[in-house]
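Q: Spelled out, the chains give:
Number of protein chains: 2
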Amino acid sequence: MSNPIPEKFSDLMEKKVFASLATLMPDGTPQVTPVWIDFDGENLLVNTAVGRQKDRNLQRDPKVSVMLIDPENPYRYLEVRGKVVERTLDGADDHINKMAKKYMGQDVYPYRQPNEVRVLYKVKPEKTSSMG
Amino acid sequence: MSNPIPEKFSDLMEKKVFASLATLMPDGTPQVTPVWIDFDGENLLVNTAVGRQKDRNLQRDPKVSVMLIDPENPYRYLEVRGKVVERTLDGADDHINKMAKKYMGQDVYPYRQPNEVRVLYKVKPEKTSSMG
Numbered sequence: 040m041s042n043p044i045p046e047k048f049s050d051l052m053e054k055k056v057f058a059s060l061a062t063l064m065p066d067g068t069p070q071v072t073p074v075w076i077d078f079d080g081e082n083l084l085v086n087t088a089v090g091r092q093k094d095r096n097l098q099r100d101p102k103v104s105v106m107l108i109d110p111e112n113p114y115r116y117l118e119v120r121g122k123v124v125e126r127t128l129d130g131a132d133d134h135i136n137k138m139a140k141k142y143m144g145q146d147v148y149p150y151r152q153p154n155e156v157r158v159l160y161k162v163k164p165e166k167t168s169s170m171g
Numbered sequence: 040m041s042n043p044i045p046e047k048f049s050d051l052m053e054k055k056v057f058a059s060l061a062t063l064m065p066d067g068t069p070q071v072t073p074v075w076i077d078f079d080g081e082n083l084l085v086n087t088a089v090g091r092q093k094d095r096n097l098q099r100d101p102k103v104s105v106m107l108i109d110p111e112n113p114y115r116y117l118e119v120r121g122k123v124v125e126r127t128l129d130g131a132d133d134h135i136n137k138m139a140k141k142y143m144g145q146d147v148y149p150y151r152q153p154n155e156v157r158v159l160y161k162v163k164p165e166k167t168s169s170m171g
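Chains A and B, in that order, are what the protein sequence lines are.
Be aware that the first sequence starts at 40, since it is given in this note's numbering, and climbs by one per residue.
Be aware that the second sequence starts at 40, since it is given in this note's numbering, and climbs by one per residue.
Hints are computed from structural coordinates only; laboratory data are not their basis.
Think of the CB as a built atom: it goes at the ideal place given N, C-alpha and C, for glycine as much as any other residue.
One should not assume that every hint holds.
27 Å max Cα-Cα, derived DSS-like pairs, lysine-lysine [said to hold, decoys possible]: (1) B/K166 x A/K122; (2) A/K141 x A/K55; (3) B/K55 x A/K122.
Per label pair, the in silico range of CB-to-CB distance [unchecked claim]: (4) A/D133 x B/E125: 26 to 32 Å; (5) B/P65 x A/E125: 22 to 28 Å; (6) B/E53 x A/M143: 26 to 32 Å; (7) B/Y150 x A/V156: 17 to 23 Å.
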């Protein structure tokens, strides 16, 4: 296991970046939404709710791209293309709280809807491109 | 011709938003890069340089997504999915200067490389989704 993220851009994994996650619709059209982003040293972690468009897309087709713009310099960015290697409900609740801490400074994710089930995706990076 | 952009989000077309443009690689993997964005009342306009990955992708497959996060509120965004309806070199130089004015306050695009040829894409919106 080696870190697939270029050292020069590893800071973007720590910053409060609203990443752009691209998935694929049933007809192959890309779909892009902002996501909170996490990195475990090997895979990118994306947390969403069961049943959302991105969840349906990712179950159908594992090919994704995640693009992170440096909040301090919009001309500096990292794109990571790869594939979903795991989808799990285990630990997804703890993980969304971890993300709420990172992005909002709150111990518990405050936007939870009634009956919402969180799901955690692990994306294995295959290719990166960058600028800046 | 009717404006396909929801009135509530039309301000995002005027702001200095670094949009996330998703195109498709030859194997169907999405590719995402930040772009300056323009809107002519009917189509989204994206300006790039001939030969770049996104130019090659867009010539092969017209399906795209453009996602704009409000610079003043990262939890407010608009996604526009659609298709390329025109690729032209005509007016692309003037247009990149217009974008330099919008984003940098400069009359002439300052990042031009030797031998760079600008190309202008027009994307017809087919579907929008949003939050906030």
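Q: Work down the list of hints and note, for each, if the structure agrees.
A: These are the hints, each one checked on the structure:
The hinted pair formed by B/K166 and A/K122 meets the criterion: a straight-line CA distance of about 25 Å does not exceed 27 Å. The suggested pairing of A/K141 with A/K55 holds, with an alpha-carbon distance near 7 Å, which does not exceed 27 Å. Between B/K55 and A/K122 the alpha-carbon distance is near 31 Å, which puts this suggested pair outside the 27 Å criterion. In this structure, A/D133 and B/E125 break the distance hint of 26 to 32 Å, their C-beta atoms being roughly 48 Å apart.
Here the CB-CB span from B/P65 to A/E125 is close to 26 Å, well matched to the stated 22 to 28 Å. For B/E53 paired with A/M143, a C-beta distance near 28 Å keeps the hint of 26 to 32 Å intact. In this structure the hint that B/Y150 and A/V156 lie 17 to 23 Å apart at CB is violated, the actual value being about 46 Å.
The structure fails to meet hints 3, 4, 7 from the earlier list, while all remaining hints are met.
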